[in-house]
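So the sequence lines, in the order shown, correspond to chains Y and A. Under the working numbering, the first sequence has 140 at position 140, and the numbering climbs by one with no breaks. Under the working numbering, the second sequence has 48 at position 48, and the numbering climbs by one with no breaks.
Hints listed in this document are in silico derivations from the structure and should not be mistaken for laboratory results. Incorrect hints may appear among the rest.
What the hints assert, rightly or not - Straight-line distance between alpha carbons at most 25 Å, and here's what the computed DSS-like set of lysine-lysine pairs gives:
1. Y:K159 x A:K26
2. Y:K207 x Y:K164
3. Y:K159 x A:K3
4. A:K26 x A:K177
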Amino acid sequence: MLTYSFMQIAFVVAILLGISLPLIGSGIVYKRLSSSGDALAHSSMAGVAIGLVSGLNPLLVSVIICIVSFLIIELLRKKFSKFSEIGVVVVLSTAIGIAGILSNYAKASNFDSYLFGSIILISTNELIATIALTILVLTFTLVFSRQFFACLYSEDEAKTSGIKTNAYNFIHSLLLSITIAVGAKIVGSLVVSSMVVLPTAIALQFKKGYKTTLIISVIASVFAMLSGLTISYYADWASGATIILVTIVILIFAFLYRFIKEKFF
Amino acid sequence: MIKLTNVSFAFSNTDEVLNNVSFEMKDGEFIGILGPNGGGKSTFLRLVLGLLKPQKGKIEINERKISYVSQTTSLNDASFPATVKEVVALGFVKNKPLIFLSKEQKQKLNNILEEFELSDLKNKLISELSGGQLQKVKIAKALISNPSLIVLDEPDAGIDENGHELLIHTINSLNKKGVSILFVSHHKDDLEFANKIYFIEDGSIIPYEEELKRGHHHVNL
């Protein structure tokens with residue numbers, strides 16, 4: 001399998017996305033905005049459709065639409081502070097509407113590749129984009145992990161002690177939007193929304209601290225990506241769908257581990 | 001120094017929460033704030049801390065290092081993954097990158113955990129702590145950064161008698177060392193060492209003695 005260069009690249013990209021998706025996704029899980037990952041993934045589809053129809057670079061348009069979508073979600077979240085999911089629903093519905101209409105005018109095969117992903121058909125530009133993105137996400141997580149953790153713990157306390165909470169939240173939103181847009185092209189829009197959330201859900205079952213939970217989520221995510229990719233190669237299944245099913249199986253085992261530990265130990 | 005001059009504040013579409021309020025707190029003072037729920041205590045604190053902007057009036061704050069112990073944090077969220085040690089160490093965090101704690105910071109962290117009897121719990125998840133233990137964690141986090149002003153919003157909720165005594169003793173001894181204290185409470189007993197006590201109700205702030213003279217002594221106090 002690894003004698004093929006396209007599979008070697010697919011494995012490298014799987015590892016890189018396996019690292020960056022849960023690192024940047026954990027923030028939305030703790031902010032109770034898991035569904036915003038879904039809204040952004042659908043926004044990326046709308047962006048791809050706009051790109052394909054207008055002749056602009058679909059990945060670039062997708063990144064821009066994702067960023068705008070997240071800003072709208074945040075704006076509506078602040079406007080309707082007690083009903084934060086309203087923003088997610090507005091963006092999700094709009095994105096599905098735009099993608100649905102414009103997909104009629106885009107070349108079907110192109111649009112499908114963005115919908116379900118094409119990890120074994122990665123261009124050099126996409127590989128470079130994934131490497132650059134992973135470096136950015138890793139740098140943000142390593143260097144400003146405690147600042148972002150302080151924002152998650154209590155924005156008011158963080159602001160009072162002089163932490164620039166708006167700046168850290170904005171950088172996180174920006175990286176999240178770009179990660180989802182790039183990830184959607186590679187593992188598919190429908191899959192990426194799950195991969196920003198499920199690894200954190202798996203890690204939370206082990207009931208560890210903030211740092212250890214992040215590390216476990218990355219290990220689970222990379223393992224799911226690599227084993228999903230391997231199974232899909234030999235079984236001739238769709239790679240994105242297989243990765244998600246493997247992740248769900250890991251989540252079930254994590255639930256079982258927690259249940260047994262709490263019940264018998 | 002904190003000075004509020006003729007400050008008014010209202011959330012959109014509501015009546016004024018604070019109406020033409022003036023207040024002054026000098027460096028090193030211990031000021032207590034009492035008042036019923038919904039009377040505007042938390043709004044007053046959020047204005048003082050710069051978390052809200054007043055529609056009218058002027059707020060001057062001349063404090064460099066402020067620690068705020070708020071009522072609601074992710075500590076109230078049972079699924080938030082954080083250990084006692086991780087939360088208390090947040091007190092060190094500013095905007096400069098802090099990947100690893102320095103030797104001095106580790107020592108200080110261990111000392112404060114010891115002082116608040118949290119050493120044995122340092123690797124425990126905050127979701128597994130009792131209400132009193134949680135409050136100790138919040139206060140230890142606030143103290144570790146050597147603040148010049150500590151603002152506490154009802155920090156004794158859910159705390160046991162020992163924890164309560166430790167809290168009052170700690171706050172009092174910090175004040176004696178020159179740290180300014182702004183303490184919002186439901187109970188006047190918490191404020192026995194305060195230099196001044198104010199009462200906030202219906203958008204106004206008045207000295208507690210005046211409130212007593214008016215005969216509006218609140219049942220909770």
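Violated hints - listed by number, lowest first: 2
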